[in-house]
Amino acid sequence: MEIVPIVVFAIASTILVLILRDSRPEMAVLLSILVGAALFFSVVSKIGIVVTTLSSIASKSDVGTLHLSTLLKIVGVAYITEFGAQVCRDANEGAIANKVELAGKVIIMVLAVPIVLVILDTILRLLP
Amino acid sequence: MSIDYGIILQVAALGFLVAMLYTIFKKNDREEYAYVVMLLGVMVVMFKVINVINELFAAIRTMFRF
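In order, the protein sequences belong to chains A and B. Heads up: the first sequence begins at 1 in the numbering used here, then just goes up one per residue. Heads up: the second sequence begins at 129 in the numbering used here, then just goes up one per residue.
One thing to keep in mind: the hints can contain errors.
Claimed, not checked - The list that follows gives simulated cross-link-like pairs (lysine-lysine, DSS-like), each with its CA atoms no further than 27 Å apart: (1) A:K46 / B:K176; (2) A:K60 / A:K73; (3) A:K60 / A:K46; (4) B:K176 / A:K99; (5) A:K73 / A:K105; (6) A:K73 / A:K99.
It is worth saying that the hints were derived from the structure and are not from the lab.
So that you can see chain B by itself, here it is in the shape it has in the complex (with noise of 0.2 Å):
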């Protein structure tokens, strides 16, 4: 019952990483493909965190007895 740490690390880094690619993109006038690099570090990073909310509510409902 325990997560591995270095995911922070891993979100982190992709949410820079979408960060300067959308402004990388913005500023070169191509405002559709920012869009879709935001739309896909976005579902990349929710279906990672989607994976550890599952633990999480895992353990509360063993922790708490539901």
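For reference, chain A alone in the conformation it holds in the complex (with noise of 0.2 Å):
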């Protein structure tokens, strides 16, 4: 039940938004980016839980441990993409928030090239 006071504390702050959002938009923003943030800092701990637990088993299987910090790093930076480009959003800026995706998945691609390299390599040494 631990839901209930996020969900609560998120309705309560979008009123506030909406009040700040047609005499003070800027503030809005601002707001929201506050309020986001807090939300993220609430379960913040349960995620460290799920990267721990993946990153033991993991580590007791054979699956490279290398390969998991690159996955966790690009998970990482969809997320801090993906809030970014709904700031941008919600203040009316869909060009801005175009280009800050469009970075997020140019950086996740160069972060992804030494898997799919290794992937590569595996499958045209498995080829005889």
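Starting from two chains that each stand alone, build the complex the way the hints lay out.
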């Protein structure tokens, strides 16, 4: 039942942001950033538990822990990109939001290049 | 790795205060004071928000093993 205070907090903050939005939209954007950060901080410890469990499972199995850290970095980049893009879109700046998403996609592609190379290498080694 | 939830009420109160002062100054024909108050409010709030965003991205960094 820990979701209930989180949802109530989110709804109350949405109403505050709505009050600010038509008179002072820049304050509304800043307040929505703060509320998003507060909501993330309320669940960050649980994400930590999941990440630690995944790391322990990966270290026990044969899968390289190198790839797991790259995967986690990609998830982190995706989260930050989505956060920034949605804040821009809420402020009616769709163009800036799209550029933020483009930057996130490019960075994720660059991060994924070593994994793709390893996959191609493995496949090429399997072929006669 | 947590923030002080009071900062949200502080920023909301500052937002309302700036909105009120902006409207009051505009009604009294002092648009320049209105803009100064708005810029000051945005600067103060942005200072607080940048601190919180710093903590947020530090937490994301440690969480996802950057």
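Query raised in the report: Is it true that the CA of K46 of chain A sits at most 27 Å from the CA of K176 of chain B?
Result: Holds, because 26 Å separates the two Cα atoms, which is no more than 27 Å.
Query raised in the report: Taken at face value, is the distance from the CA of K105 of chain A to the CA of K73 of chain A at most 27 Å?
Result: Distance of about 13 Å is within 27 Å: holds.
Requested in this report: Verify the proposed pairing of K73 of chain A with K99 of chain A, using a straight-line Cα cut of 27 Å.
Outcome: This hinted pair holds, its Cα atoms lying about 20 Å apart.
Requested in this report: Starting from K60 of chain A, check that the Cα of K73 of chain A is at most 27 Å away, please.
Outcome: Cα-Cα ~20 Å, so holds.
Requested in this report: Please work out if K60 of chain A and K46 of chain A have their alpha carbons no farther apart than 27 Å.
Outcome: holds, 22 Å
Query raised in the report: Within 27 Å, alpha carbon to alpha carbon, are K176 of chain B and K99 of chain A?
Result: holds, 26 Å
Taken one by one, the earlier hints all hold for this structure without exception.
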